[in-house]
Amino acid sequence: MLNKELRDKVLTAQRNEITEHFIYAKLAESVRDPRNRAILKRISEHERRHHDLWKEYTHQDVSPSQLKIWMYYLLSKVFGITFGMKLMEKGEARAQAAYQEVFEFVPEAINIEKDENEHEKELLNLIDEERLRYVGSMVLGLNDALVELTGALAGLTFALQNRSLIAMAGLITGVAASLSMAASEYLSTKSEGDARDPLKASLYTGSVYALTVLFLIFPYSILSNYFLCLGFTFFNALLAILLFTFYISVAKDIPF
1 MLNKELRDKV LTAQRNEITE HFIYAKLAES VRDPRNRAIL KRISEHERRH
51 HDLWKEYTHQ DVSPSQLKIW MYYLLSKVFG ITFGMKLMEK GEARAQAAYQ
101 EVFEFVPEAI NIEKDENEHE KELLNLIDEE RLRYVGSMVL GLNDALVELT
151 GALAGLTFAL QNRSLIAMAG LITGVAASLS MAASEYLSTK SEGDARDPLK
201 ASLYTGSVYA LTVLFLIFPY SILSNYFLCL GFTFFNALLA ILLFTFYISV
251 AKDIPF
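1 is the number of the first residue of the sequence shown in the working numbering; add one for each residue after it.
What the hints contain is simulated information worked out from the structure, not anything from laboratory work. Since the model is a prediction, treat every value here as computed from it, not as a measurement. All C-beta atoms in this analysis are idealised placements derived from N, C-alpha and C, irrespective of residue type, glycine included. It is possible that some hints are incorrect.
[What the hints assert, rightly or not] Quick list of in silico lysine to aspartate or glutamate cross-link-like pairs, EDC-like style, CA-CA up to 20 Å: (1) Lys41 with Asp144; (2) Lys41 with Glu89; (3) Lys121 with Asp144; (4) Lys55 with Glu104; (5) Lys41 with Glu104; (6) Lys4 with Asp61; (7) Lys41 with Glu56; (8) Lys26 with Glu45; (9) Lys252 with Glu104; (10) Lys68 with Glu29; (11) Lys200 with Glu45; (12) Lys200 with Asp144; (13) Lys68 with Asp33; (14) Lys41 with Asp128; (15) Lys68 with Glu56; (16) Lys200 with Asp253; (17) Lys90 with Glu118; (18) Lys4 with Glu89; (19) Lys55 with Glu5; (20) Lys200 with Glu118; (21) Lys121 with Asp253.
[Claimed, not checked] Beta-carbon label-pair distances, calculated as ranges: (22) Leu165 with Asp194: 36 to 46 Å; (23) Thr58 with Val175: 52 to 62 Å; (24) Phe105 with Leu211: 43 to 53 Å; (25) Asn125 with Leu171: 53 to 63 Å.
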């Protein structure tokens, strides 16, 4: 018999599992690739079994967290299924540390949870997601935009000393450079003859370059002091590096 504190922890675990069951099920309905859909459905069923395991001890039904369902669903649609699901699984791994006391009273749950979680991790690594095959193209676009446009904006700031002119000149420079980078990536990928589609590689490079340009120029559209704008541009450049590094570390399971 579980005491109230342990029962509350088991109920939390049960709620997390049923929430993740619905997240995976919702994503399975939205993906087009049959292979990825099958993988997500299998993981969804694993989460359902986790929920049923905890329910044997609580003898209580729990409702899923609609906020978490929509949050991870939207994250997965915007940044990719792999990123969204691995971010969620990292949160689950942290939560498991709080369940150690529960495992002492529910001993059979330890091996079941361990086996199922390892299986889920293997299944997640099997998901074939297009955007992860083009990470190299995205890194190229981000890196070139940060180097070229940060330097260009610094020079324009000291030379023009007019916020509107700096922003306009930076935007024109950025758009032209993004088109140039996209064309270069297309020719490079085509000449290498690898498995990636040259057109898609160029679109990823150009798109990331253009988005980085807008992010770097953004301070010039809201602040009046152009030197302050330059300072925030440098800050945005650092922030872009940190965010993209975090994205890659989560999606590819590498240290941050």
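Going through the earlier hints one by one, which of them does the structure break, listed in rising order?
-> As far as the earlier hints go, 1, 3, 5, 7, 9, 11, 13, 15, 16, 18, 20, 25 are violated by this structure, in ascending order.
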